[in-house]
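Just so you know, the sequences run in chain order W and P. So in the numbering used here, spot 114 of the first sequence is number 114, and the numbers just go up one at a time. So in the numbering used here, spot 24 of the second sequence is number 24, and the numbers just go up one at a time.
If you're looking for bench data, these hints aren't it; they were derived computationally from the structure. In this text, a Cβ means the ideal position worked out from N, Cα and C, and glycines have one as well. Each hint should be verified, as a subset may be incorrect.
Computed footprint of chain W on chain P, listed as stretches where at least three residues anywhere in the stretch have a Cβ under 8 Å from a Cβ of chain W [claimed, not checked]:
#, segment
1, 38-44
2, 97-111
3, 129-136
To give a feel for the contact side, a few chain W residues facing chain P, derived at Cβ under 8 Å [what the hints assert, rightly or not]:
#, residue
4, 37
5, 40
6, 41
7, 43
8, 48
9, 96
10, 160
11, 163
12, 166
Listed below are the residues making up each chain.
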Amino acid sequence: MKKLKNILLISSTSLAIAMLPGQAASEAVTVTGNGNIQAGVNLDFRINIPSVLRFRVGSPGGTINEIIFDPPAATLGDPLNPVSATSGGDTGTPGDVSVQIISNAGVITITESNNSGGAGLANLVGNRIPYAEIGTISDNSDLSPPVLSNSGTNTSSPTINGSLTIENATWTYAYLNTAVYESGTYGTSARGGRVTYTASNP
Amino acid sequence: MNRHWLRVTAHTLLYIMLSAWCQQTVAIVFNIPDRTVPRLRLIVGSSGPRIDEVDFTVPLADLGNGNPITSTSSISFQMVIRARASSPLTGILSADSSTPLSNGSSTLPFGDISWTSRDGDIPGGTFDGTAYQVLVTYPSSVRVNDRLTFIYANTRILEAGTYTGRVVYTLAFP
Numbered sequence: 001m002k003k004l005k006n007i008l009l010i011s012s013t014s015l016a017i018a019m020l021p022g023q024a025a026s027e028a029v030t031v032t033g034n035g036n037i038q039a040g041v042n043l044d045f046r047i048n049i050p051s052v053l054r055f056r057v058g059s060p061g062g063t064i065n066e067i068i069f070d071p072p073a074a075t076l077g078d079p080l081n082p083v084s085a086t087s088g089g090d091t092g093t094p095g096d097v098s099v100q101i102i103s104n105a106g107v108i109t110i111t112e113s114n115n116s117g118g119a120g121l122a123n124l125v126g127n128r129i130p131y132a133e134i135g136t137i138s139d140n141s142d143l144s145p146p147v148l149s150n151s152g153t154n155t156s157s158p159t160i161n162g163s164l165t166i167e168n169a170t171w172t173y174a175y176l177n178t179a180v181y182e183s184g185t186y187g188t189s190a191r192g193g194r195v196t197y198t199a200s201n202p
Numbered sequence: 001m002n003r004h005w006l007r008v009t010a011h012t013l014l015y016i017m018l019s020a021w022c023q024q025t026v027a028i029v030f031n032i033p034d035r036t037v038p039r040l041r042l043i044v045g046s047s048g049p050r051i052d053e054v055d056f057t058v059p060l061a062d063l064g065n066g067n068p069i070t071s072t073s074s075i076s077f078q079m080v081i082r083a084r085a086s087s088p089l090t091g092i093l094s095a096d097s098s099t100p101l102s103n104g105s106s107t108l109p110f111g112d113i114s115w116t117s118r119d120g121d122i123p124g125g126t127f128d129g130t131a132y133q134v135l136v137t138y139p140s141s142v143r144v145n146d147r148l149t150f151i152y153a154n155t156r157i158l159e160a161g162t163y164t165g166r167v168v169y170t171l172a173f174p
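Just chain W, same shape as in the assembly (with noise of 0.2 Å):
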């Protein structure tokens, strides 16, 4: 900051308007006169914000979460005792598994599928369950699970709030246990037991 000489000579080469009093509205601007002055001047702003979508079932990263339930022989095929999971999730609950969604891309949809080529979790031997055995809730209306299926075209769509889906939520699987299937271990990752969910912007 430097102090004026009293003898001050302003190079002028950009737009210079003289008002007595009043206001200027320029990038460059210098009024003269007495009582209340004000010199305006713009500046503009521009932020580039990308389009995301964000989709998060289970563990951050690449880990796959694995759900495992072991349905009691007393209450097997009861569908009065659904069973919850006794293991996998990534919350700390057995069963449980932490979503997020985040899209500032308008309505999405998430699809679910499976590997199992539309016919259920297999056993060693080729017996299967079909997903429809396999329920899903979610604490959050605003971020429901689409309904497990053999088929895996089932979806849901997260509430949106103008074009932003910014949902949490924990979806608990269990085992609605409606029949009664032959003994064996089903599913894994082998044996059409992997679930994908696919959000999308159609």
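Guided by the hints, dock chain P onto chain W, whose structure is given.
For chain P alone, coordinates are given in the frame of chain W:
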């Protein structure tokens, strides 16, 4: 009479005149006129009619994660605040950021934009989104040259698009 003698004679006469004048008590007064009209000058960015633009591009990976985004270039601010020495005035630099940035359907408040100052003549701060935010005051007469670097806070997930907005800086004698 050649030129040498002309020079000697002129010097002699000047000496005699100064000697005579110095022997008298004479007050010498220089009249420097007090500027009669106060003046303000404000230049933001490039001089001339072009309106400068501060640009931010948020990387996809950083969108809304709170990592601030700094504009690619700083903006020059030049001010002259001048008034009579006998009647000093206070110049006020203010900003009107009351109209938020918009992409046409969604808005972004100017409160998400702050700035730092190269020299501190205009203190660093954050827009408050009002029509009259006093940034700094200066006593007359003063000349200011500073540069501001703007920063987008990047704490929100916003609708995708290009948001534009305008801040009006005003330098005033109230």
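These are the hints, each one checked on the structure:
By the rule of at least three residues with a Cβ nearer than 8 Å to a Cβ of chain W, the coverage given for the segment 38-44 of chain P holds, with 7 such residues. Under a criterion of three residues with beta carbons nearer than 8 Å to beta carbons of chain W, the stated coverage of the segment 97-111 of chain P is upheld, 6 such residues being counted. Counting residues of the segment 129-136 of chain P whose CB lies closer than 8 Å to any CB of chain W gives 0, so the stated coverage by that chain is violated, three being the minimum. Interface hint at residue 37 of chain W: satisfied, since its Cβ lies 5 Å from the closest Cβ of chain P, which is below the 8 Å cut-off.
Taken as an interface hint, residue 40 of chain W checks out: its beta carbon lies about 5 Å from the nearest beta carbon of chain P, inside 8 Å. Restraint check, residue 41 of chain W versus chain P: the minimum CB separation of about 4 Å is within 8 Å; hint holds. Checking residue 43 of chain W against chain P by beta carbon gives a least distance of about 5 Å; that is within 8 Å, so the hint holds. Given the 8 Å rule on beta carbons, the hint for residue 48 of chain W holds: about 5 Å separates it from the nearest Cβ of chain P.
Here the hint on residue 96 of chain W is broken, as its CB sits about 25 Å from the closest CB of chain P, past 8 Å. A hinted interface residue such as residue 160 of chain W counts as satisfied when its beta carbon comes closer than 8 Å to some beta carbon of chain P; here the least separation is about 11 Å, so the hint is violated. Hint status for residue 163 of chain W: holds, given a least beta-carbon distance of 4 Å to chain P, under 8 Å. Contact between residue 166 of chain W and chain P, as hinted, is supported at the beta carbon level, the nearest pair being about 6 Å apart and thus within 8 Å.
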